[in-house]
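Protein chains in written order, with the working numbering: chain U, 1 to 495; chain V, 496 to 610; chain W, 611 to 745.
Where hints are given, some of them may not hold.
[What the hints assert, rightly or not] No farther apart than 16 Å at their CA atoms in a straight line, the calculated lysine to aspartate or glutamate pairs in the EDC-like style are these:
#: 1; chain 1: U; residue 1: K357; chain 2: U; residue 2: E401
#: 2; chain 1: U; residue 1: K357; chain 2: U; residue 2: D267
#: 3; chain 1: V; residue 1: K591; chain 2: V; residue 2: D601
#: 4; chain 1: U; residue 1: K364; chain 2: U; residue 2: D433
#: 5; chain 1: V; residue 1: K591; chain 2: W; residue 2: E744
#: 6; chain 1: V; residue 1: K591; chain 2: U; residue 2: E152
Honestly, the hints are just simulated from the structure, not real lab data.
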Amino acid sequence: MSLLLVLPVIIPLFTAILALLCWRHINVQRGIAVVGASCLMVAAVTLLLTISDRGIQCVQVSNWQAPFGITLVADLFGAVMVVLAATSLLAVTVYSLGSVGRALEAVGYYPLIHVMVAGICGAFLTGDVFNLYVCFEVTLVSSFVLMAMGGERQQIEGAIKYVTLNLMASAIFLAAIGLLYGVAGTLNMADLATVLANEPRQTLVNSIAMLFMVGFGIKAAVFPLFFWLPASYHTPNVAITTLFAALLTKVGVYALIRFFTLIFVGDTGLTHTVLLVLAGLTMITGVLGAVAQTEFRRLLSFHIISQIGYLLLGLGLLTHFSLAAVVYFMGHVIIAKTALLLLSGVTQRISGTSELKELGGFYKESPLLSVVFLVPALSLAGIPPLSGFWAKFAVVKASLEAEQYVMVVAALAVGLFTLYYMLNVWAEVFWKDRPVDHPVVAKAPLVMWGPMVAMGILTLGISFGVDPLFQLANRAAFQLIDRQEYIRAVLGGAL
Amino acid sequence: METILAIVIGGLYGTGLYLMMRRSMVKLVLGLALLAHAANLLIFVGGRLVRGVPPLVANGAIAPPDGSADPLPQALVLTAIVIGFGVQAFLLVLLKRGYTLMRTDDLDDMRTTET
Amino acid sequence: MNSLILSTATRLLLPLMLLYSVFLLIRGHNEPGGGFVGGLVAASAIALIKFSSGLERARAALRFDPITLVGTGLLFAFASGLLPLVAGMPFLTALWWDQKIPVLLKAGTPVLFDLGVYVLVVGVVLTMIFALSEE
Numbered sequence: 001m002s003l004l005l006v007l008p009v010i011i012p013l014f015t016a017i018l019a020l021l022c023w024r025h026i027n028v029q030r031g032i033a034v035v036g037a038s039c040l041m042v043a044a045v046t047l048l049l050t051i052s053d054r055g056i057q058c059v060q061v062s063n064w065q066a067p068f069g070i071t072l073v074a075d076l077f078g079a080v081m082v083v084l085a086a087t088s089l090l091a092v093t094v095y096s097l098g099s100v101g102r103a104l105e106a107v108g109y110y111p112l113i114h115v116m117v118a119g120i121c122g123a124f125l126t127g128d129v130f131n132l133y134v135c136f137e138v139t140l141v142s143s144f145v146l147m148a149m150g151g152e153r154q155q156i157e158g159a160i161k162y163v164t165l166n167l168m169a170s171a172i173f174l175a176a177i178g179l180l181y182g183v184a185g186t187l188n189m190a191d192l193a194t195v196l197a198n199e200p201r202q203t204l205v206n207s208i209a210m211l212f213m214v215g216f217g218i219k220a221a222v223f224p225l226f227f228w229l230p231a232s233y234h235t236p237n238v239a240i241t242t243l244f245a246a247l248l249t250k251v252g253v254y255a256l257i258r259f260f261t262l263i264f265v266g267d268t269g270l271t272h273t274v275l276l277v278l279a280g281l282t283m284i285t286g287v288l289g290a291v292a293q294t295e296f297r298r299l300l301s302f303h304i305i306s307q308i309g310y311l312l313l314g315l316g317l318l319t320h321f322s323l324a325a326v327v328y329f330m331g332h333v334i335i336a337k338t339a340l341l342l343l344s345g346v347t348q349r350i351s352g353t354s355e356l357k358e359l360g361g362f363y364k365e366s367p368l369l370s371v372v373f374l375v376p377a378l379s380l381a382g383i384p385p386l387s388g389f390w391a392k393f394a395v396v397k398a399s400l401e402a403e404q405y406v407m408v409v410a411a412l413a414v415g416l417f418t419l420y421y422m423l424n425v426w427a428e429v430f431w432k433d434r435p436v437d438h439p440v441v442a443k444a445p446l447v448m449w450g451p452m453v454a455m456g457i458l459t460l461g462i463s464f465g466v467d468p469l470f471q472l473a474n475r476a477a478f479q480l481i482d483r484q485e486y487i488r489a490v491l492g493g494a495l
Numbered sequence: 496m497e498t499i500l501a502i503v504i505g506g507l508y509g510t511g512l513y514l515m516m517r518r519s520m521v522k523l524v525l526g527l528a529l530l531a532h533a534a535n536l537l538i539f540v541g542g543r544l545v546r547g548v549p550p551l552v553a554n555g556a557i558a559p560p561d562g563s564a565d566p567l568p569q570a571l572v573l574t575a576i577v578i579g580f581g582v583q584a585f586l587l588v589l590l591k592r593g594y595t596l597m598r599t600d601d602l603d604d605m606r607t608t609e610t
Numbered sequence: 611m612n613s614l615i616l617s618t619a620t621r622l623l624l625p626l627m628l629l630y631s632v633f634l635l636i637r638g639h640n641e642p643g644g645g646f647v648g649g650l651v652a653a654s655a656i657a658l659i660k661f662s663s664g665l666e667r668a669r670a671a672l673r674f675d676p677i678t679l680v681g682t683g684l685l686f687a688f689a690s691g692l693l694p695l696v697a698g699m700p701f702l703t704a705l706w707w708d709q710k711i712p713v714l715l716k717a718g719t720p721v722l723f724d725l726g727v728y729v730l731v732v733g734v735v736l737t738m739i740f741a742l743s744e745e
């Protein structure tokens with residue numbers, strides 16, 4: 001058991017170390033990366049099955065008892081996130097074999113993506129606030145390098161914005177940790193939950209909660225702190241963008257969910273109302289930004305932001321059902337988004353451009369590609385019976401139950417706009433004829449098709465398997481809303 | 496002591512933010528570094544200040560003396576400093592790379608990725 | 611930069627600095643010191659060669675690619691975390707060997723971890739310095 005919990009962190013780390021030691025042998029690195037990602041996948045699924053079977057599990061790293069040492073905790077939500085991270089890593093690693101190219105592979109692409117995922121998995125599993133900070137930094141530093149990799153002008157510019165905003169977020173996060181420790185005298189999440197419940201200085205706690213909200217909000221690209229995302233996400237290689245889009249902002253959302261279901265629930269009238277307002281504004285600005293875009297990946301970047309809004313909406317409502325919706329939504333958005341971004345890479349490879357105006361003719365040339373686009377695109381727009389419909393249906397239903405009618409209207413309108421621009425992409429990229437001055441320049445290799453089609457099929461899978469999956473989400477939400485199980489698992493008999 | 500440090504922290508935050516809002520990239524890097532220092536100092540003060548009682552367990556005792564300093568914030572600050580060290584080194588490389596590529600230090604000239 | 615004073619001084623300082631870095635590493639068990647500062651001192655020794663006789667000489671003096679050092683250091687630290695797993699304890703638990711050893715005094719997985727940090731820091735710092743000084 002102890003081993004299973006640390007595996008999602010040490011497998012990618014070990015993969016990265018091995019790949020580093022084979023610095024000059026790119027083919028060996030490729031092999032190591034794929035094997036490492038597959039092992040992580042197996043470990044993640046095993047972890048999820050075990051947690052689903054036996055309830056929340058925890059490990060005291062270094063054998064120091066909680067709340068003094070660092071605790072790793074896996075509840076269902078964390079385990080689901082680890083599985084999603086492993087899935088995107090595996091898809092992207094295989095895809096990278098065809099899409100990244102020697103120039104990036106020679107400067108440590110594979111070690112970096114694995115270190116990044118080690119940090120991400122660590123963030124999903126840690127039960128300690130400061131350890132969360134360290135995991136965030138591990139993730140960030142590797143993402144900085146990935147963002148700037150290749151060193152073209154656009155990338156460096158994108159990287160400067162990305163790095164600055166994220167470092168500010170880290171500084172705010174760090175300051176919040178300092179103040180939190182000053183107030184509570186502990187940084188173990190479960191311990192914090194119990195200590196803050198009896199804390200009389202609620203105003204002080206609220207200020208700290210807001211600092212955390214700003215810090216995580218920047219990382220999660222929440223309104224009004226999202227500007228770095230569309231200014232940088234389209235600049236690196238597609239494989240890197242995909243991994244970022246699938247996982248990085250989601251780590252921020254994960255941290256928000258963890259903190260605002262476990263630790264800061266003393267004054268939900270204030271904190272969660274703010275979250276609701278932010279959710280609505282994030283959805284709307286994201287979708288309006290996307291409508292205005294003429295470049296494929298930039299459009300998808302804005303789309304990430306609007307989806308973050310839905311996730312926050314579920315968190316802001318803070319009911320059992322709304323959290324279940326968030327967990328299912330998370331799975332849906334990570335998988336469908338990965339499929340779409342991988343597809344944008346394939347069209348870019350074939351046409352040599354990602355401007356919507358210059359693309360075209362794919363419906364005639366490749367019906368398979370059209371299907372692979374339609375499934376995740378319509379799913380993200382919320383067309384039944386695809387996964388996005390169920391996810392949005394659940395979020396809207398939760399808002400109706402909570403009588404947040406403004407949010408219902410916003411969520412539905414955003415869905416409508418999403419459909420509009422997805423169809424716009426369909427018309428530009430697939431339906432219209434290929435512009436004569438932009439002929440086909442290359443063929444996309446099989447390793448790029450494989451993961452893309454697989455993610456498309458997975459989108460169908462989570463659409464038709466909605467019943468068991470939503471039940472799983474339901475149980476995960478139950479663990480989130482009823483904090484006692486988490487606290488008991490970590491602190492055990494210490495209470 | 497807390498009051499003085501609070502003023503110092505405020506000063507660091509203020510200077511850091513001021514530098515970040517300048518147009519020069521070098522100042523941006525310096526500003527970020529100051530911001531990180533301010534946060535570190537804040538953690539240090541947040542863990543309450545004690546003078547002259549190090550948290551060392553005497554021979555034969557099982558706990559450090561009463562009223563001893565809390566070692567945890569210092570461990571946290573140490574970790575944060577090391578992380579900050581790495582990040583700032585990366586920033587310098589980025590700065591150099593950016594300068595050789597764009598021949599400018601002015602952040603206002605870096606708008607090609609904006610929407 | 612060609613300075614006779616610097617290159618002569620470097621020749622004298624180099625062994626001293628390397629020795630001091632090892633001293634710091636070993637001292638780190640119970641007193642101020644440790645792998646991180648030790649690694650920094652060793653890295654600055656190599657950096658001194660870079661300043662006095664150029665990048666190529668520094669690379670030659672290091673013998674290994676700094677990236678390999680990063681990998682090796684991580685591997686050491688990682689192994690020190692894995693050993694307790696083999697013994698059935700949680701990841702990263704400190705295991706100490708009972709026997710006293712000359713010089714080291716105590717041996718155990720934290721020593722291995724510290725050694726890993728030392729090698730890693732040398733690798734990382736030199737990777738950065740070399741990258742910054744390449745034109």
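So, going through the hints one by one against the coordinates:
| no. | hint | in the structure |
| --- | --- | --- |
| 1 | U/K357 with U/E401 | 43 Å, violated |
| 2 | U/K357 with U/D267 | 50 Å, violated |
| 3 | V/K591 with V/D601 | 13 Å, holds |
| 4 | U/K364 with U/D433 | 8 Å, holds |
| 5 | V/K591 with W/E744 | 11 Å, holds |
| 6 | V/K591 with U/E152 | 13 Å, holds |
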